[in-house]
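Undergrad: Here are the chains, one letter per residue:
Protein chains: 2
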Amino acid sequence: MNTPTDGPIAELLSIGSELLVGETVDTNAAYLGAALSRLGIPLRGTRHLPDDTGVIAAAFVEARGRSDLVVATGGLGPTHDDVTRDGLAAALGEELRPDAALEAQLRSRFAAYGKMPTSNLRQAMLIPSAEPLPNPLGSAPGWWVDRDGSVTVLLPGVPSEMRAMWTDAAAPRLPARFALRPVHTRTVKTFGIGESAISDLVDDLLTAPGEGVEAGIYARDDGVHLRFSTRGDPAVLDAPVARALALLGDHVYGTDDDDLASLALAALGRAGATAVATLESGTQGMLMAILSASQPVQPESGAARFVGGMLDAGGPVATPVADAVIQLSLHSPDAHGRSRVRVSVAGAISLPMVEVRVHGSGQQRLRRTAFAALDQVRRALF
Amino acid sequence: MNTPTDGPIAELLSIGSELLVGETVDTNAAYLGAALSRLGIPLRGTRHLPDDTGVIAAAFVEARGRSDLVVATGGLGPTHDDVTRDGLAAALGEELRPDAALEAQLRSRFAAYGKMPTSNLRQAMLIPSAEPLPNPLGSAPGWWVDRDGSVTVLLPGVPSEMRAMWTDAAAPRLPARFALRPVHTRTVKTFGIGESAISDLVDDLLTAPGEGVEAGIYARDDGVHLRFSTRGDPAVLDAPVARALALLGDHVYGTDDDDLASLALAALGRAGATAVATLESGTQGMLMAILSASQPVQPESGAARFVGGMLDAGGPVATPVADAVIQLSLHSPDAHGRSRVRVSVAGAISLPMVEVRVHGSGQQRLRRTAFAALDQVRRALF
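Keeping their order, the protein sequence lines are chains Z and F. The letter at position 295 of the first sequence is residue 295 when you use the working numbering, and the numbering goes up by one with no holes. The letter at position 9 of the second sequence is residue 9 when you use the working numbering, and the numbering goes up by one with no holes.
Treat the hints loosely; a few may be bogus.
Unchecked claim - Just so you have them, the derived chain Z footprint on chain F, three or more residues with Cβ under 8 Å:
| no. | segment |
| --- | --- |
| 1 | 200-214 |
| 2 | 254-264 |
Stated by the list, open to error - Only pairs whose alpha carbons sit at most 20 Å apart, straight line, appear in this in silico DMTMM-like list of lysine to aspartate or glutamate:
| no. | chain 1 | residue 1 | chain 2 | residue 2 |
| --- | --- | --- | --- | --- |
| 3 | F | K115 | Z | D203 |
| 4 | Z | K115 | F | E103 |
| 5 | F | K115 | F | E103 |
| 6 | F | K115 | Z | D200 |
| 7 | Z | K115 | Z | E103 |
| 8 | Z | K115 | F | D203 |
Please keep in mind that the hints were generated in silico from the structure rather than gathered at the bench. Heads up, the beta-carbon is just placed ideally off N, CA and C, and yes, glycines get one too.
Take these sequences, add in the hints, and give me the full structure.
TA: Encoded structure:
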C-alpha cells in the first residue's frame, strides 16, 4: 500500500520503557492508527521510546520537523520515570512551570479520594505553548501544542484515558486545523482459504483495484480480509467489492462489520434456536470468550442468545439449559503444526460432527479453532 | 528506567502498513522486547514501518549503523506488498536470487495441500549474505544476516510463526554471537491501590532500589506491579522485594508468576470447593474468559477447578453443577467514570456480597472488574 502524500501526515510516539521490555502490548498505536486513517491523516510511522528525556526530546525534534501532526502516548503519569512533558519542553526550548488552574483541578479530583499524593504535582506542569486537554478518567491532563507549523498532542498511556481524551478533546480539533479528506473503507472477509490462494485468485484487484482505490490483504485469526479504501467518492469501492465477492464465492462470510460470532448466532436463530451454549475441550474456553464478547443480541433480530459455556477438561459436566449446544474439541497438533478440530451441535437444533484443521500455536491456535467452529456452524445452516 | 549501555543493543522494526492503519495490534514487539530483555539485549527502540521498499531500506541502514542486532518482523509473505526482503537487499546493496533449496522446500510443503501458488516463489528468494531460518508453521522462511558487525534477523509477522522461529532458530544463535549477561527480574503485584499512592509509599525504592538494580512501576488491569531487575547476581533483588512487601502490606497479592485467577481458585479449593462456576452480568463474560484461560489446575494442588460460566444478561439461567458460583455484576459508571461492582459467592462455599468500584472504560473496565472480583474472593478467603 502506498501512502498518499497530499494532505497532512502524522507520526506516533509510544513512550514507555515497559513497551520495550515487553511488559505492555501497544494497543494505543493500533487505535490511533485506525482513527487517523479514517480521518485521512496517514501515519508515516510509529516509534516506541524508552523513558529517557534526551531520547524523547530528540524524537520530538525529528518528528515535528517532518510531520504535520505528532501524537505521543504515555509518560504523563506522576512517577519519576514519566518524562514525556520534560522531553517535549526540551525539544521546544520551553520551561515547565506549575499551572495554578491545573493544580486546582487535580486537587479537586483527589478531594473525593483523600489527600493528593505530592508526586501528582508533576501533572500540573505546563509549558507556555501548551493548552491542557481534560482527562475525565484519570489524573494526567493531555497537551495540545501548535507551534512552528506542526501540532503535537500528548495523551496518557492508559488506553481508556487515551481513547476518551482523543475522542472528546483531541480529534475534534483536527478538522479546524487541517484540510481533511476522510478515508472510506470496505472490507471483504473470508474464512478457510489462505492468503496466497486469495492473492492468486484476485491478483489484479490487489495490484490495480481501480482509480483512486487502494487495496490490502490481511491474514487474521477470523480469516483473510481484503480491504479497499479511497479518499474520494465511496461509490468507487462498489466495483472492487463486487468483483472480490464474485471471485471468492463461498469463501466469503461477510463484509465490513460482519463477524463470525454474530453470523453463527443469527444462523442458529433462523434455524429455531433461542439459547445457545458451548461445551469445549482443549481450547481454554476460547469459544465462550468470543461468543460472550460479541455484541449483545437485539431480541427483535431473531438471532439466538449465548447463555453460557462449559469446559470438559476435567470430565463431563452438566450442560446448561439451551436448545443448541456447540460442542468443540481441539486435538494435539501433527508434525506439520496442524491440529484436528471437531465441531457439532447438540440439542433441539443439532448438526452432525465435522472435522477441520487449524494451524498455528498458542492463543492464535485457540482463536482460529473457535472461529473455525463458528464458521462451520454458519456454513451448515446457511 | 535507564538502559544499560554495556553489551549489545538491539532494535526492532515491525513492518506492515496494517500496523499503521490500525488493522493489527503489534503483539510481536512486546514478545520480542520481553525475550531480548531476558537475554540481556535491551531494545533501543521499535519502529512500525509501511510496506514501502525505500522506507524499509532506509530504516535498515539507520538501524544497522547503530545497533548490534536488528530484528524485523513482517513483510515476508507471498503478496506484492511483502517487501521486507527487497528492503534489506537494497540496504545491503545485494541482489535477490531464487534459491533452489528453498524452492524445493516450499514445493514439498505445498505438495500436501495441492499446487503451490506462483506468488509463493517470492519466498524462495535469498541474498548472498543471508542464511535461511526454517519456518515449520508457515511458508515464509526467515533470514539471518551477519555482516559489517551487525546482525539482522528477519522473522514472519504471523505471531505463532514468529515465536516458533525466534525460539527454535534465531534466539539459540545469539549466545554464540554476543557476550550476553542475562537479566534477572522479580515482580511484586498489588491490587486495589493506585500507581501514585504506591509511588509515594515506596518512593526511595523506585529512585534508589540498590546497587545494580533497576526498578519500574507498571499499572495493569490486574493491578499495579513493581518490577526489580539486575544483570548481576539475582540475590541483590531479595532486599528490594522484601522492602516492597513490607511497605505495601496487604495490598500485595503475590510475586512473579502469581496471578489472581489461580490465587482465587486456590483459595476456594482451600475453603473446600472443587468445582467453581461463574454467573456474571454486565461484563460480557470477562470473568469466565479469564478463569478459563488460566493455567489448567493440577489435581494434586488442591485448587478448585473452573467448570463453566453463565451470562444473565437475558434473564436468569440455570447455574451449572458447582459447589461455588462466583456471582458478579457490573453497573453503569457514575459521573467520575467509576462503576459499582458487586461480588458474592453462592453454593456450598458462600461469601456475602461486597461492593467495590472500578474505573476505566471499554475492555479495560471489564477486565478490571473481573480481576476485582477475583481479588475480593482471594481476600475474603485468605
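Undergrad: Does each hint hold? Answer for all of them.
TA: Going through the hints against the structure:
Restraint check on the segment 200-214 of chain F versus chain Z: 4 residues with Cβ-Cβ distances below 8 Å, three needed, restraint holds. Counting residues of the segment 254-264 of chain F whose beta carbon lies closer than 8 Å to any beta carbon of chain Z gives 0, which falls below the threshold of three, so the coverage claim is violated. As the CA atoms of K115 (chain F) and D203 (chain Z) are separated by approximately 17 Å, the hinted pair is consistent with the 20 Å bound. With a C-alpha separation of about 68 Å, the suggested pairing of K115 (chain Z) with E103 (chain F) is violated against the 20 Å cut-off.
Taking the CA atoms of K115 (chain F) and E103 (chain F), the gap is near 13 Å; set against the 20 Å cutoff, the hint holds. Distance check on the hinted pair: K115 (chain F) and D200 (chain Z) sit about 12 Å apart at the alpha-carbon level, within 20 Å; holds. Between K115 (chain Z) and E103 (chain Z) the alpha-carbon distance is near 13 Å, which keeps this suggested pair within the 20 Å criterion. Using a Cα cut-off of 20 Å, the hinted pair K115 (chain Z) and D203 (chain F) holds, with the two alpha carbons roughly 17 Å apart.
The structure fails to meet hints 2, 4 from the earlier list, while all remaining hints are met.
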